[in-house]
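J.: Take a look at the letters that make up each chain.
2 protein chains.
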Amino acid sequence: MSDAQNAENQQPSKKAQKKAEKAAKKAELIQEKKQAAGDNAAATDGPDGEDISKDLYGKLPLIQSTSKPDRTLTKLKDLGVALADQSLWVRARVQTSRAKGKQCFFVLRQQQFTVQAYLAVGEKISKQMVKFAAGISKESIVDIKGIVKKADPKIESCSQQDVEVHVEELYVVSAAEPQLPLLIEDAMRSENAEDGPQITVNQDTRLNNRVLDLRTTTNQAVFRLEAGVCKLFRDTLDKFGFVEIHTPKIISAASEGGANVFAVSYFKNSAYLAQSPQFYKQMAIASDFNRVYTVGSVFRAEDSNTHRHLTEFIGLDLEMAFNYHYHEVTDTIGNLFVEIFKGLRDHYADEIATVNQQYPAEPFKFLEPSLRLEYREAVQLLRENGVEMGDEDDLSTPSEKLLGKLVRAKYDTDFFILDKYPLAVRPFYTMPDPNNPRYSNSYDMFIRGEEILSGAQRIHDPELLVERSKHHGIKLDTIQSYIDAFKFGCFPHGGGGIGMERVVMLYLGLDNIRKTSMFPRDPKRLTP
Amino acid sequence: MSDAQNAENQQPSKKAQKKAEKAAKKAELIQEKKQAAGDNAAATDGPDGEDISKDLYGKLPLIQSTSKPDRTLTKLKDLGVALADQSLWVRARVQTSRAKGKQCFFVLRQQQFTVQAYLAVGEKISKQMVKFAAGISKESIVDIKGIVKKADPKIESCSQQDVEVHVEELYVVSAAEPQLPLLIEDAMRSENAEDGPQITVNQDTRLNNRVLDLRTTTNQAVFRLEAGVCKLFRDTLDKFGFVEIHTPKIISAASEGGANVFAVSYFKNSAYLAQSPQFYKQMAIASDFNRVYTVGSVFRAEDSNTHRHLTEFIGLDLEMAFNYHYHEVTDTIGNLFVEIFKGLRDHYADEIATVNQQYPAEPFKFLEPSLRLEYREAVQLLRENGVEMGDEDDLSTPSEKLLGKLVRAKYDTDFFILDKYPLAVRPFYTMPDPNNPRYSNSYDMFIRGEEILSGAQRIHDPELLVERSKHHGIKLDTIQSYIDAFKFGCFPHGGGGIGMERVVMLYLGLDNIRKTSMFPRDPKRLTP
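So the sequences go chain by chain: A and B. 492 is the number that our numbering gives to position 492 of the first sequence; each next residue is one higher, with no gaps. 267 is the number that our numbering gives to position 267 of the second sequence; each next residue is one higher, with no gaps.
Simulated from the structure, these hints should not be mistaken for lab results. Hints are not guaranteed to be accurate.
Said to hold, decoys possible - Cβ-to-Cβ under 10 Å is the rule here; a few derived chain B residues that face chain A:
| id | residue |
| --- | --- |
| 1 | A176 |
| 2 | H327 |
| 3 | S481 |
| 4 | M500 |
Stated by the list, open to error - As a list, the in silico DSSO-like pairs of lysine-lysine whose alpha-carbon atoms are at most 27 Å apart:
| id | chain 1 | residue 1 | chain 2 | residue 2 |
| --- | --- | --- | --- | --- |
| 5 | A | K75 | A | K154 |
| 6 | B | K231 | A | K342 |
| 7 | A | K231 | B | K231 |
| 8 | A | K239 | B | K239 |
| 9 | A | K239 | B | K231 |
| 10 | A | K124 | A | K150 |
What the hints assert, rightly or not - Which stretches of chain B does chain A cover? Using the computed rule of at least three CB atoms under 8 Å from a CB of chain A, they are:
| id | region |
| --- | --- |
| 11 | 56-66 |
| 12 | 238-249 |
| 13 | 259-269 |
| 14 | 283-294 |
| 15 | 308-317 |
| 16 | 450-461 |
The structure displayed is predicted, hence computed values, not measured ones. All C-beta atoms in this analysis are idealised placements derived from N, C-alpha and C, irrespective of residue type, glycine included.
Okay, chain A solo, but in the shape it has when bound:
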């Protein structure tokens, strides 16, 4: 009865319902080959054509918390041979349904778990009940009472391969509209399938119908892994003695030069959305919190419609006092990433495998401790490989990608730290290199050749900070409270800001940051 294996992508529209009805009628006329034990269709009607199953199915009234029944709902992931021949209740979505004569097959789904359910006209199941079952639209939520039966052969297309559920009672809890704007099966199909072109779902359709798109096992895995990245970030930093803080998003002045900032009406004044928690995490250091991190939204009014830019994303930011050298900071951040990568490898292997099924990627490689290269070495490596660039030129996106490939080939790692950037390409608060004023105590970090963190030692001396602000043409009055923060003694410090969505995208080898933002925002998208 492993019929789900070749289930059609049938749309349960009215057309489909009619088709199902037709099929059912046809089934009455033609004596079909008996399909299964208990399939004794002749006995399904009562004496007067009465529906013998009428109390065993139907559409439930809206669950409005009327009662607290003493009923346990079993999770699909717990369905296995250990529960064989037991009768139990499940609540799940109908992922696919297929009527076949006097039978109906469902694939039921709960997040990433699926099981086959089956009902056929018989002693207790009426034609009407099977017809009702066949008419349930895909993605509807149903309550099913059924008996767990060992499946032979295994049901390869379901996560629960060893059993199926023989339906005894069936109720619709929440019906989906019959016409779905996208089908979950289509949205889960690998775009690189070897068996020729197939239906896939384009990105705008996905994002316009995100509530459906997010139901794919791939997306369930992506966002569970994303939650894991945040948890590993926080737990590791907690272990390292950091304190979590929260910083304001509405700020009085465009902080870092004024470009790319969203303006907000603030009562009778105007304000801006913070492009980063930079100033505030540094103020927390000046306030003696010593080591801080913050996870929160950051906003960039960049009109960039690329694969890796969002106008709003989640920043995983950290900042710490150090004693003598900012490499205490780079080492800490390097160790943080090692802990994150180990945690993902050890605790999210299922999620990674699930995502790889739809989006194949090279397994992620990292070193312990992390590799740190100097900018000058990177420039040299690029030049050796045909890139023409000046010593102090910033890296272009293609150069970064190439660098990632060259570093992987040479050092066998997808993650590395690039240290000592030219001063000219860094923000005004970056500490200059004491040994060479054209360089700075700053670094970026990369995953698979794309930047996922930018950081530096910061200037903790108010006079030097004023000097560098002026050099960058920043109006001092707009950043006065920031500069003042360093007038009452401040520990030398440094830190960095990580783009959460980029880390997840690049770690998984995905091609677009919209795949790792639950409800992405870009210059053209504000809904849902």
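Assemble chain B onto chain A, guided by the hints.
T.: Below, chain B alone, put in the same frame as chain A:
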């Protein structure tokens, strides 16, 4: 040598420096009583009046990561008799300094930990060095090499009472300006001190100079406890099977009726700042994430200048599918709070005690399981105590406060759940009570008589949602993507939103929410 106990609040200004110099001169003229072992002032000058200590003190150059010295800095909290007679390095702030003849006393501070340091003119310490020490401005950061000495009697005014540090070398790492806008000692003084009126610091001065204000042991404790609330919130929900999500703050339409929302310029269009993650966490439920939470900034454009309103605060939001009754949700949230309260009690006792020193409060009481009252019971209780109100009137702030007192007297708890609010006072997406259409399946939760959570069963049926939206006069086109989210099957669900700063304020019995927001935002404050 326990001189810190009666240290003066002396401002280390130029005037103070002169005074110190004068005192030093006077000390040379008058033969003082010997103060301590090794105080042999006559031997401090070299043959030609040379400074014998000149290589033992001074102002360090800016720490720009020039070198990586192999030197361990000991934490103040680790200083105790176990380290007696050892020579070691510390880096700390000068909280107070006091010159007294040929001696100088410091109180050094690292976050909430303090220790006394001492130096006097002697065999290796010159007059010039003591003078330099006396001139160091409060809040400057210093590196000190010193010998740990047992203190007898104990130094009651420091956290490290058993030892003091005898200075051998002394360097200024980062100097504070001599004039501080507020003194840490003043900012830490209890406003309810029994020994008459004393200098305290008003709230605006604190907030204008937040970087100094946050250095008080009280504030160090408040924000460490606040981090603890977030950690307990997340860890408990992780344990309960929730998934962390992130929701957009920039939204296309003012979601909940249009009032109290900040407008944002979004390229050529306009957008708004989300007043809550409400719609998005519900969409995550419709997307099969089953149980979700999110911690993030929420924005309210309310022109309210009260003790408990901010224009931007941190929402601890959760939402979960349930099976039959929304009390599954209230029970989960009740259990969540019990876990938070237990965690604070068991792991943050020091922080609570520290805050109570400055701001005394009644010890916090809670029940396990949490108390749940019905709105009608609360109205009755209030009426019995003289409050006149209709059955379906909303609770005024004074009524809520009184209710908190009455509940505490009757049930011995500072936390309770108030269930079944009148439908009329709740948002459009609230599920009506099936037994009485004037009430609803909604609840608030209270700490010490103030609301800290609002929540409900939500309407998961698109038709009923449209009906209720219309009833509330909401333009359907502005919330279309939200309504559409429920068209493809949705589990019954409910949740709530917690105001993080309110929880910390009320748990600690503080009187103003600005005390629990690191950089608060209200209609009049946008800086720092």
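J.: For each hint, tell me whether it holds in the structure or not.
T.: Each hint, compared with the structure:
no.	hint	verdict
1	A176	holds (4 Å)
2	H327	holds (7 Å)
3	S481	holds (4 Å)
4	M500	holds (8 Å)
5	K75/A x K154/A	holds (20 Å)
6	K231/B x K342/A	holds (22 Å)
7	K231/A x K231/B	holds (10 Å)
8	K239/A x K239/B	holds (19 Å)
9	K239/A x K231/B	holds (13 Å)
10	K124/A x K150/A	holds (21 Å)
11	56-66	holds (count 5)
12	238-249	holds (count 8)
13	259-269	holds (count 7)
14	283-294	holds (count 7)
15	308-317	holds (count 3)
16	450-461	holds (count 3)
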